[in-house]
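A.B. asks: Chains A and B supply the protein sequences, listed in that same order. Position one of the first sequence corresponds to residue 366 (our numbering), numbered consecutively onward. Position one of the second sequence corresponds to residue 7 (our numbering), numbered consecutively onward.
Among the hints, a few may not be true.
Said to hold, decoys possible - With a cut-off of at most 30 Å between alpha-carbon atoms, the simulated DSS-like pairs for lysine-lysine come out as follows:
| id | chain 1 | residue 1 | chain 2 | residue 2 |
| --- | --- | --- | --- | --- |
| 1 | B | Lys-15 | A | Lys-565 |
| 2 | B | Lys-118 | B | Lys-15 |
| 3 | A | Lys-546 | A | Lys-571 |
| 4 | B | Lys-79 | A | Lys-632 |
| 5 | A | Lys-414 | B | Lys-55 |
| 6 | A | Lys-639 | B | Lys-232 |
| 7 | A | Lys-557 | A | Lys-546 |
| 8 | B | Lys-232 | A | Lys-482 |
| 9 | B | Lys-128 | A | Lys-655 |
| 10 | A | Lys-515 | A | Lys-406 |
If you're looking for bench data, these hints aren't it; they were derived computationally from the structure. Bear in mind that the values here come from a model prediction, so they are computed numbers and not experimental data.
Spelled out, the chains give:
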Amino acid sequence: MEKNNNIKKISFPHMGNYFYALKPLALLLADEVIMPPPITKKTIELGTKHSPESACIPFKYNLGNFIEALDLGANILVQSGGGCRFGYYGEVQENILKNLGYKFEFLKFVNDFSIIKISKYIKLNNPELSYFKIFKTILFSYLRVRLIDKIEAYLRMNIGFEVKNGDFERNLKLFLNELDKSKNILDLSKLKKKYLEILKNIPTKKPQNPIRVGIVGELYVLMEPFSNFNIEKELGRRGIEVHRFCSVSSILHDIFTFDSHTKSFLKHAAPYLKYHIGAHGTESVGLANKLRKQGFDGIIHVKPFGCMPEVNAMSALHRMAKEHNFPILYFSFDSQTSETGIKTRIEAFYDMLMMKKKRDTMQI
Amino acid sequence: MGKETKKIKIGLPRALHFYKYHISWEEFFERAGFELVVSPLTNQEILKKGVNLAVDESCLSLKIYLGHIDWLKDKVDYIFIPRIVSLHKKEEACTKFMSLNDIVRNTFPGLKIIEYTIDANKFRFEFFKILRTIFSLKHNPIRILQAYYYAKKKQSDYEKARIEEQTSKIKNKDPNKPMILVVSHPYTTYDSLLGKPITKFLESQGVDILYADIVDIKEALEQSKKISKDLYWTYNKELLGAIEIYKQYVDGIIFLMVFPCGPDALVINLCQNKIKDIPLSVITLDELSGEAGLKTRLESFVDILKIKKKKNGKK
Numbered sequence: 366m367e368k369n370n371n372i373k374k375i376s377f378p379h380m381g382n383y384f385y386a387l388k389p390l391a392l393l394l395a396d397e398v399i400m401p402p403p404i405t406k407k408t409i410e411l412g413t414k415h416s417p418e419s420a421c422i423p424f425k426y427n428l429g430n431f432i433e434a435l436d437l438g439a440n441i442l443v444q445s446g447g448g449c450r451f452g453y454y455g456e457v458q459e460n461i462l463k464n465l466g467y468k469f470e471f472l473k474f475v476n477d478f479s480i481i482k483i484s485k486y487i488k489l490n491n492p493e494l495s496y497f498k499i500f501k502t503i504l505f506s507y508l509r510v511r512l513i514d515k516i517e518a519y520l521r522m523n524i525g526f527e528v529k530n531g532d533f534e535r536n537l538k539l540f541l542n543e544l545d546k547s548k549n550i551l552d553l554s555k556l557k558k559k560y561l562e563i564l565k566n567i568p569t570k571k572p573q574n575p576i577r578v579g580i581v582g583e584l585y586v587l588m589e590p591f592s593n594f595n596i597e598k599e600l601g602r603r604g605i606e607v608h609r610f611c612s613v614s615s616i617l618h619d620i621f622t623f624d625s626h627t628k629s630f631l632k633h634a635a636p637y638l639k640y641h642i643g644a645h646g647t648e649s650v651g652l653a654n655k656l657r658k659q660g661f662d663g664i665i666h667v668k669p670f671g672c673m674p675e676v677n678a679m680s681a682l683h684r685m686a687k688e689h690n691f692p693i694l695y696f697s698f699d700s701q702t703s704e705t706g707i708k709t710r711i712e713a714f715y716d717m718l719m720m721k722k723k724r725d726t727m728q729i
Numbered sequence: 007m008g009k010e011t012k013k014i015k016i017g018l019p020r021a022l023h024f025y026k027y028h029i030s031w032e033e034f035f036e037r038a039g040f041e042l043v044v045s046p047l048t049n050q051e052i053l054k055k056g057v058n059l060a061v062d063e064s065c066l067s068l069k070i071y072l073g074h075i076d077w078l079k080d081k082v083d084y085i086f087i088p089r090i091v092s093l094h095k096k097e098e099a100c101t102k103f104m105s106l107n108d109i110v111r112n113t114f115p116g117l118k119i120i121e122y123t124i125d126a127n128k129f130r131f132e133f134f135k136i137l138r139t140i141f142s143l144k145h146n147p148i149r150i151l152q153a154y155y156y157a158k159k160k161q162s163d164y165e166k167a168r169i170e171e172q173t174s175k176i177k178n179k180d181p182n183k184p185m186i187l188v189v190s191h192p193y194t195t196y197d198s199l200l201g202k203p204i205t206k207f208l209e210s211q212g213v214d215i216l217y218a219d220i221v222d223i224k225e226a227l228e229q230s231k232k233i234s235k236d237l238y239w240t241y242n243k244e245l246l247g248a249i250e251i252y253k254q255y256v257d258g259i260i261f262l263m264v265f266p267c268g269p270d271a272l273v274i275n276l277c278q279n280k281i282k283d284i285p286l287s288v289i290t291l292d293e294l295s296g297e298a299g300l301k302t303r304l305e306s307f308v309d310i311l312k313i314k315k316k317k318n319g320k321k
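Just chain A, same shape as in the assembly (with noise of 0.2 Å):
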């Protein structure tokens, strides 16, 4: 009876910048898409306060994000989930919301990506879509995925070398408000083009033999600039050219191909790890272990604390560096951890690396 006078008001959590790219498929369940105001030190404020203590840094985000959008009139949230503790999230801020006062409707599609279920269920909630329209805009949100990724990927292996500081984020910018306004996948293979060209054009001095770091790690840390105090911008900005694999994208990837990238990923983390080890310590594993034989000359692994399956990996990442004097440098993130500590520990080990990658060549 309410629902006819309501807007549907839907909102999702933050995760870098991918809430643009799923915005289209959110449109489908909702009136109005209500994007919860960037994270800051109030976010997680919000978050810790009323989250259990010893949850998940992740949980503390997404649970500020909800109620800073609540607050600014969402009446639909998304949670998704699966892997670690992460598919348990929903059921448990959904309970904690519901006792702050909150009036909502959640949704959570918890272990579950198919794109069939997906399509139904949105069938279901919105009986006038055509499939072909709810086919058509999945698809169209996990190009805008991919374009996200491309040109962050990029950014990532060149800020730190920039002629003029703030150039790359500009742009960064401008192509967000762009993808934002776009229609169509024709519209995304045209701000391909173009963005890939100005950022090409973006005069850079890069050294002829960088400092190579590899970034791996759980998910959230690694792809919410906020939550890792901007550990890859702090990274580029010392001159060393960051490279980090996980991203929406593969991770979609991964879903669609049957775990062929965690299979692949065991392969490489061989001897340390024999069997899959839950959610993404396998790829954190296998891929440190990939670069190191690749000839990077250090690995960043990073996580929320507490984190299960990061934590799991830590012994075989720890053995690995001992048997190889490879270095790798751990954080771990909490909504108390100071920034500038971090900052301090990376100056550390930028130093080190250099020392190290001298005494390397002078050998040679």
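Following the hints, position chain B against chain A.
C.D. replies: Chain B only, in chain A's frame:
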């Protein structure tokens, strides 16, 4: 080679899933013709060793587990570590049980491990896996089959007996004594450093204790849906179901949680929000927990229950 002269020694660390399955494991290995070595009750030395060996963010139970393996490693030929991915369809065990083997292998390079995977989502016949693993050590499939059968039987008999004991406890309960349900994983409840001192102390305060892990598992899994629909960790589901089953008999609930337990952190929060009619207390255990503070908390919790009971009695 001296085939029959020397029995192969198998080590069972007294930690984690040992407390749940030890009856069947002990029976199985003894019947199959191995010599068993079980590590002693957890003591400060084992805990200290474990804390030094483990990644500092892993949970206390895992640290203790590594301590036990450290005690065993020079005394046995193999250590038995089953890898549990999932016990029922669409459910999972905590990721710690998935990665236990690899953690142990990385912490103690070169250690010999007997292992097999239990994953209900992929392959359901546990027996064939055991047969395949054990066969390389003992070429006698009939004996292994026999041992497996008797081990399973003994375990289920044991579980039934424990459930009966608990139900008789409920029936013969002293109406003046408060009854408390202790909700925690068996490896916390029965560990001599973690849960045992607490339950002992509670008993000395004149409290009857019910254990949430002693429960008919099938019924518990069914009942747990009343509290949480989406929960997919089997062990937590069993505990939630037990709360639902025993709720009507008890005056208070105590949750014991090791720090930092991933699943418990979320599940206990949900329980705190959903169970409003019974007083409950959450006790977090870590390697530093001081006894005095803990005792004060338990005492005051028991006092509250006693006062509440008196008031209700007067009415």
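A.B. asks: Confirm or reject each hint.
C.D. replies: Hints and how they fare:
1. Proposed proximity of Lys-15 (chain B) and Lys-565 (chain A) is contradicted: the alpha carbons are some 65 Å apart, above 30 Å.
2. With a C-alpha separation of about 11 Å, the suggested pair Lys-118 (chain B) and Lys-15 (chain B) falls inside the 30 Å cut-off, and the hint holds.
3. The hinted pair formed by Lys-546 (chain A) and Lys-571 (chain A) fails the criterion: a straight-line CA distance of about 33 Å is larger than 30 Å.
4. Only pairs whose Cα atoms come within 30 Å are accepted, and Lys-79 (chain B) paired with Lys-632 (chain A) is accepted, the gap being roughly 28 Å.
5. With a C-alpha separation of about 36 Å, the suggested pair Lys-414 (chain A) and Lys-55 (chain B) falls outside the 30 Å cut-off, and the hint is violated.
6. In summary, the hint linking Lys-639 (chain A) to Lys-232 (chain B) is not supported, as the alpha carbons are separated by about 38 Å, beyond the 30 Å threshold.
7. A hinted pair counts as satisfied when its Cα atoms are at most 30 Å apart, and Lys-557 (chain A) with Lys-546 (chain A) qualifies at roughly 14 Å.
8. For a cut-off of 30 Å, the pair hint linking Lys-232 (chain B) to Lys-482 (chain A) stands: about 25 Å separates their Cα positions.
9. For the hint linking Lys-128 (chain B) to Lys-655 (chain A), the alpha-carbon distance of about 28 Å falls within 30 Å, and the restraint holds.
10. Distance check on the hinted pair: Lys-515 (chain A) and Lys-406 (chain A) sit about 29 Å apart at the alpha-carbon level, within 30 Å; holds.
Violated hints for the displayed structure, listed by number in ascending order: 1, 3, 5 and 6.
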